[in-house]
Amino acid sequence: DGGITQSPKYLFRKEGQNVTLSCEQNLNHDAMYWYRQDPGQGLRLIYYSQIVNDFQKGDIAEGYSVSREKKESFPLTVTSAQKNPTAFYLCASRTGTQYEKLFFGSGTQLSVL
Amino acid sequence: GQNIDQPTEMTATEGAIVQINCTYQTSGFNGLFWYQQHAGEAPTFLSYNVLDGLEEKGRFSSFLSRSKGYSYLLLKELQMKDSASYLCAVRGGYGQNFVFGPGTRLSVLP
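Taken in sequence, the protein lines are chains A and B.
Following our numbering, the numbering of the first sequence begins with 1 at its first residue and continues without gaps.
Following our numbering, the numbering of the second sequence begins with 1 at its first residue and continues without gaps.
These are computed hints drawn from the structure, not numbers from a lab.
Honestly, I wouldn't trust all of these hints.
Computed, partial: chain A to chain B, Cβ under 10 Å [stated by the list, open to error]:
hint, residue
1, 4
2, 6
3, 35
4, 37
5, 41
6, 59
7, 105
8, 106
Listed next, the in silico DSSO-like pairs over lysine-lysine satisfying Cα-Cα at most 27 Å (straight line) [to be verified]:
hint, chain 1, residue 1, chain 2, residue 2
9, A, 101, B, 68
10, A, 14, A, 83
11, A, 57, A, 14
12, B, 81, A, 9
If you're wondering where the values come from, they're calculated on a predicted model, not measured in any experiment.
Think of the CB as a built atom: it goes at the ideal place given N, C-alpha and C, for glycine as much as any other residue.
Chain B with its partners taken away, still in its complex shape:
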């Protein structure tokens, strides 16, 4: 089967750093994606990892360990606008489709 786990909710303070973890078990692996979704809106692409290691893009970084089935999204210098849900998705398995985790709702407090 395919399973992706993320924490349901997290809270952090403006200006701080937060790490959102994602663990996965999928049949086949062809990349791990992170998306940001504000309530009632479309998910927007944040990052992509296919090889082990850290990918950095401005205030956002994403890490992947394929042997451990583990990824995290690191958000630095948190801003109020970062309050959103963060979706972890793995591409693989039958049809090479995307399997999404439940999402982590992040609340950034002043």
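Chain A on its own, in the form it takes in the complex:
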């Protein structure tokens, strides 16, 4: 079955540490997104990529970095510069057509030790 796989489900970060969240899709989608969700808030866009080897900053990109070396993969690194990283992180993908919806992965809960 096609879908989006995020790993790990739970992740703990120590002070000053960088951590990487994995996102893999086998839907053959061109566009991929990373969202952050805090309790009681909507999804906020961190980074997005419309095509391989290209990505753009979203609304809250500071303290995060991404890469898009393969169509299937869009990993997110939470750097030590992100001072408040505790949140639920969601990866999503979409085909390149105009009216296509987002498909989401199951999410990664990141917490600070």
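Given the coordinates of chain A, work out where chain B should sit on it, guided by the hints.
Relative to chain A, chain B alone:
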């Protein structure tokens, strides 16, 4: 700027009907989406509107008025499993990205 408003919480009784409203102000419009999200899980797609009017899909219906910047999601014959957050999202603006509202947490009581 871009802004989407939804009520924070709603409560309804099993078997009843509930309407969740969404108002939006965005630069550009290319569709309005409703997603359901259970706690700690991924959002799942419910409905999509790009033209004015009502879209019906089983127990769920969604309405759009582009001139008023307004949509609602109507849930009929409520079941306990409908207890979840409902996210309103608009696609448009720079990069044609999706802007999400804060979500409405619906509690269905027996």
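Item to check | Hints breached by this structure | outcome: none
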